[in-house]
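Colleague: These are the residues of each chain, in order.
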Amino acid sequence: MTSNDPTNASDIPRRSASSDSANSLVNVSSRSPQLNSPSTTATSRLGDDYEHISSTASTTSSTNITKGHGKARLIYCKSHVAIHPTSFNKDNISGYLAIVEVDSTVPHTLAPNVEKQDTNGGKKEVLVTWVPNELLDRMDEEDREGYKTVESRMTASAQGIDKEEDGFVFVSLPPPKGEKYAFSIPVTSLYSILVYPPSLSHWYGSATFNLTGGISLPTLYFHDDESPLLASPTIPNPPNVPRAQWGFPPFLSLLQSRATLVRSRLLQAKRNMGAELWLVNPSKSDREVHEAGLDEPEAEIAVPAARRPNTAPYPPKPSYPNTPVLNNATPKQTLMTSLSNLTNLSRKTASQILSHPLAQPVVPHLPPAVRSLVHVPGEWERSGRLPPKTGKGSDVATEFESARLYLARWARVVAEEGERARRNEVASQARIHRTSLSGSPTEDLASDLGVFSMLPKSYSKRPIPNPTRTPQHPITARDWESFAAQGRDELFVRREIFTRGFSDSTELADRQARREGWEVLLGIVAWSVGGVGGGQSGKEKRRQTREEAREAKRKVYAGLKDQWKEDANKDGGRDDWREEWHRIDVDCRRTDRNQPIYAVPTEAIKKGDAEKEGGGAGGSWNGKGEEEEGGMAGLNTHIAALRTILMTYHTYSPELGYVQGMSDLLSPIYVVFDANEGDAFWGLVGVMKMMESNFLRDQSGMKRKLSTLQQLISVMDPELYAHLERTDSLNLFFCFRWILIAFKREFKFETVVRLWEVLWTNYYSNQFILFVALAVLQSHRDVLMRYLTEFDEVLKYANDLSGTIDLDTTLAQGEVLFLSFRSLVEDLDRESTADTDQEGLRRRKGSAIEESPKEGAEGKKKERKVISSDLRDLLIGWKA
Amino acid sequence: MASRKKVLLKVIILGDSGVGKTSLMNQYVNKRFSNQYKATIGADFLTRELVVDDRVVTMQLWDTAGQERFQSLGVAFYRGADCCVLVYDVNSSKSFEALDGWRDEFLVQASPHDPENFPFVVLGNKIDMEESKRMVSQKRAMTWCQAKGNIPYFETSAKEAINVEQAFQTIAKNALAQEAETELYADYPDPIRIDSENSQAYGCNC
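Residue numbers (full-length UniProt numbering), protein chains in the order written: chain A, 1 to 880; chain B, 1 to 206.
Please keep in mind that the hints were generated in silico from the structure rather than gathered at the bench.
Small disclaimer: the values here were computed from a predicted structure and weren't measured.
Be aware that one or more of the hints could be misleading.
Calculated lysine-lysine pairs in the DSSO-like style (CA-CA distance at most 30 Å, straight line) [claimed, not checked]:
#1 B/38 <-> B/133
#2 B/94 <-> A/570
#3 B/38 <-> A/689
#4 A/71 <-> A/148
#5 B/31 <-> A/748
#6 B/133 <-> A/565
Extracted from the complex, chain B is given alone in its bound form (with noise of 0.2 Å):
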């Protein structure tokens, strides 16, 4: 499976406004932090070129506002996601919260092929903040993600940009298994094996 022809993979990143979103993004693909950044209004999306498993894959990754009012519109969006991303701030409980409600509101408007299946990975960010500060412990969030279909979870900052590349080096490896998976269905050849990563991917470094 050396070079074939090239992958989009199309990653879907929900969440609370302001557990950022926006930053984690920008960290990944720009490599770079910024407070600047704004309340994202409508979705914008930024791509980066990666190797997953020797293949040259390149990742649309959509940014989307948080607040829920505007989530009606996410179905142009979400049409054709290959991953989704969930975000929340480690030190805001009520963004963990509606995790629940950003999961269900994307099977819905997505309505992915296999829902059951269907990937998603968690991201805990800020947790460069203090440590009194924080609302929501590693094991509530593992808790949480194993009971949801041994969802991938990874401790990030996005300032501080730990465990970023990780966590999205994971969030292309299954959104390129859920494309083979999709693509399965066209005749594609070797596909490849959906749960090959999620036993490791609870490492965090942190």
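Okay, chain A solo, but in the shape it has when bound (with noise of 0.2 Å):
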């Protein structure tokens, strides 16, 4: 997974004070990769960079560098800082947050951010490090001491009293990658700090620290009633002040005497109960996005209000000003990501609400009508398991996978009312701001995306690029007719297509749009034909040529299927085709039955009526008694055509043959082909140009797809990665559905055809596709990540998205991840090309090279990263 990043690896042993301990947890970890959480390989990652990048920076000296420096400052430390590796409270581990310092005599250029000068010379390497309380059991009784002494320091100091100052304390360096989440990091690779102050909804605060590389260490929670903070004896309670104190202000103004932070403004802690967002070390473009704005530069180093009544000396500043973050001369960019941070908490919120040790022996306990919230249609049917019985529902929640798989669903449901009340709310605001601002639009664009929930991970340094979408403004009859009469090309309009999409409107002319954009896109009527230019001629002579070219491949669709009719009755037919006739035949039955047009009232069901309307292999195969019923649903005329059109696809493709899932993709081609079999035929013809390797004998096609969908999320999502690696789920087996199919079943059959207009441009990508599938799995992450655990629970999850999906906000997302995939991979280029003295610290991490994992798990040095072939292959879109 992670270990074959070329960059990381070092063959050179840690040699330090702690070095024993350090190699042994080293060979854990290489041991059993499996057991590392997504977590513990990010820490050990960037480890083993930091490790590499001293190690090359100054290779002459690396042994004496790291030799001898094990020792380091503590300077602040608190205990009862837990780490929740499940939802439930027996898992959570608990452990020491703690500030550490070290003398570093490697030069410092692997760290951008200037490093602080130290009055001695030398320079000072300030960590934050986390420590369980199971490793520090473990360590020198000295060490133990030490962060006991600093500890109660703090704890002095934080009640005013003012102890002396008995020296420095000094420990051992934890380990960079530790076992049990344990890491310590350089402050210099920390990017955010994402902080919730303790509420009613959220028991004991967390922090969580997002690295420069896009990895996000696991969140800690301040347990902050068990800490010794207040509720050691030994030290009298001042007067007013609560029992527990919100432990992360300490930290925070300690961290602040040690690196610039800076608060971002586009987090509303109103909003997002109380949740705040600090930038460390912040570079300039951040600097400018995050504080929106904010004129009043010395507010950068307030620190917020303790979240308590009446609490504590923090903080040193007065409490932070208010001014509202949608603010009007507030630049697109930001508006963008102030609402995918919005978003993103409503989901994260939703999960730790369910995450709560209280709401876990509650849930199956709800009343019918809080339970009514998780009855998204469909659901109890297809999960198969009915509303937990009261009395036996707390042993279902705990010791079955199907409890977890409930609270993944309510957890995605809270959220996706959160969202759609947050959509609703920014969507208001948009139009205030229009009325008031007489409409930019930008906020047109915006208010739209307000469900914007997720933005690629290992990207939340650059620059979000910006979503092209309007499907506000869908291609009208008058639009369509205007490309062609401005003599539009064929590459402007796949880009209005796959920006706007055609309008649903159900008006005669604006279904023959679409209908005519999708002979362009299924290659069945060229974009050229009749010419372009304006004028009623010009328009006429178009529709004149596009039905001679109709006509032409209508008449070549007939001989096709004269021929193998022929060939049907002659001797009873082929034994194969038989065989196939009847699984089309089954399969035809069962498609969209839902849609009137192949709506089949009941008391037509009789078969033989509809079977001589058919106009499909009439009286069937041969006369024989193919049309059998047996609980099948009845035939009328189009499901009989779907049927010969299949037929007719089999014999015209009989390498590939009729495979099941072609159905589903032709039932809509057929609707919009206005139910004329032949056009509909070459429709189906021209999907399967594009998507015949998913249909494969050998599946070799899907496999491959699965695979680069694999790297892709790899690169963009390690962290979610490393969890589906937990989960034994990298096989993707439950996006097949989705990618065999484009989506068909995930959507509603109107909805699905805006979906593959846009696919079909081919216009960023020809597998535009598995962006889309990438948007959808990151836009669930959370949930996937926090409750689900086993193969089986992901694809149940994966298969009941069915029918909730948002898909314009998803193919937003899938934009936006296919624009930071084509930026890193330029900078990928760039770097393999540029200067290899300098290595730089925050080079990206993608991990999905060529060389195979377990070739990088020993630690090999690899010299550069090299993007796969088959992920390059995603940059390739259409061409004239």
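Put the complex together from the two separate chains, hints included.
Modeller: Next up, the structure:
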């Protein structure tokens, strides 16, 4: 997985005061990588990276550097800071959060952010670490005492009691890559800290460290009420101070003395349960975005007031000024960023509420009213699980994975509800702005992207690309005609279809526009047909030439159909064809039966009637009773037509033949092509040209696509990748249906039509569908990662997303993901041609590289990351 | 063996496309029939809790695509199966003749610990249709089942809910036996004998 990253590997064993434990930890983690959490992996990767850079930055003295610098000065520490690896209380791992300072003689080429120069001339490296109690117990007595001493000092000073400084406390440096989620990272690698103070819904306050590489460390929960901070009997509580004090601000203020911290204005604490986003040593551009029109620079060092009333010596400065975030002058970019943050949080919030220890026993006993919130149509039917019965509910909640699925779904529904509400709110805000500002196009765009919920994780640092789609302005018949009249080229047309799609209006003219568009996309009638140019005559000429082109194709189709029918009736037909006919028949009778066009009135089910007008293979197969029903739905003209088209396709493309799933692809095409059999046949041929590899006998095409998607996930969202690996889901079979039939079963009939025309433009990529899949996964990543621990749970969850996905949001995300991916590849290419002397610390850590993952696991040093050819192929789109 | 820890039984349903795998599963779990089921793409599963020999067990029924082409994906789903249900349509000889292939395919891909004794159950579905349409006689089916090591056989109708409950009860029993057998290797006390059901399982009330 991640260990194949060539940049991080070093053959040089780490030698330090704690080298023994460090080495054994390395061994532990390399022996059983599947036990590692994504965060552990992230940590170890970072540690590796750090080590690697040290050793390359000055190879001559690398041994000197790493030797004898094992002791670190403990500046701050706090106990009862826990990681919650699962939603279960019993799995919580309690430990110490600490800030340490080490002398570093390593030239700081590794730190792009300028490190503070210490007075003694040497440089200090400040590390943020978290050590689980378990690990601490195995450390020296001296170290343990050190932690306790410093914490009691912290406690004392927090109480306003001035204790005499009795000198620096030195402890062993925790290993950079540790077991049990331990981490130790340089402050220079921190990108931001997302903080939730404790509240009624967040029992424990929490902090999540995001690194510059796009990785997030596991969230730390401050179990303040168990903390000796105020519970300690040796220290008297000052009057008017509640027992527990929110433990994060002291940490923050200490960190502030070692790094520049800027609080993001994009995150509105009031709306996000008091959430705060702190940027660590932000770049100029990040500052601009996150400060969003803020002009009091002194505010940047302000520390928020402790969340609880009446608490605390913090902050040193008064509370943060309240300025509206959605400010009129805010650039589009900023608005987008803020939206994404906001919605991200609402998902997180929902899943956090559900993971609250108190929520768990309650969930199975929810009153019907609340339960109905979970009742997405078809939910229970599909899951086959009735709402848990009272009495047995708690067993279910703790014992079976279905309970986790249940929670996951609930979290999803709550999050979606939250987002819907938020979107409405944002939209109405945007409307207000529009009216007051006489409407700027950027807000128009943004209002529709209100649920823009997940951005590529590894890209938290770079500017977020803007999605360009404007589905609220679909192509109408008039627009469509104007493209030709204005002499637009095909690339323009494809881009228009990509960004806008066709109008869903039922007007004949608009339906025709879509049909003509599809004929172009599916290669039935060329865009240039009939030439370009305005005027009535130009229009008429195009219409005529188009009709001629159609007629010619229809003739060919009729010939193909007659051919196999004739063969079939000769001597009972070929056996293999008969089998195929049966298969096709069975499938067509169960394709989109909820669509009016394919519905059969119960009284008309009398077979024979429908069969006759079927226009299909008349009398089915040589008069033999092939039209069995046995619970099968009946036939009507249109179903019969589907059957005939597919059988014709079977003979037209014998190597491929008919494969399950093709009827799903054909059915909307048949509808858009006005139920014209011949046109729909060529539509199927066109779509199969693009999707043929999905249906190969040996499934090699699907395997390859899933493997490409897997690599894409590893590059764009390493955490999710690690989670899928842990849950044995890396084969991505749960995406199989999505890819095979292009999300046909995941969206409503009318919606899938809108998706397909976007996909078929191949505007950005011939495999844009993989970015759509990634977008779906990313928007559910929190729920996936928090609740789902087994392959079957992931599969069930993915299957049950059917009917719940919002198309336009997903497409916008997919586009952003594509653009981010493209710029990632460009960056890597630039780097690979760039000077090799200086290794940048902040280099991206893409892990989908050519070499097999096993190879990298040994920690071999690789020269360069190379984007695999499969991934590179994703950048190939339509060309004239 | 009263209330021990709960058991999850994994059951794989195989058979040609259109024989009624999804329908059987839904009839058993959701007690309903619909002719609106679509061809299964990929895989899905349903679960139901039931009591077998005074033990509460959860049965996880896996439904897969029927076209052979998709079987290479089966490995991921077959692993850890406790019982395999082979379904054919009594009105289609071809679907019956395919059973051999399905059985072999399963044994190869799932590679169970003891293939000789791995529990299969055969279901002949769609017996609600006119007798004149029937292509596979009960005798023929039972002969096959006997030859394959006394595989329990049921004739069912997912549409009319005939024999579905009984069939899955047997499936659960045999799966539980298999599960116990498997756990025996892990020092599991009190195994259940595997062959206790076979003789009665032929009972078909139609």
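Colleague: Which numbered hints turn out to be false for this structure?
Modeller: none
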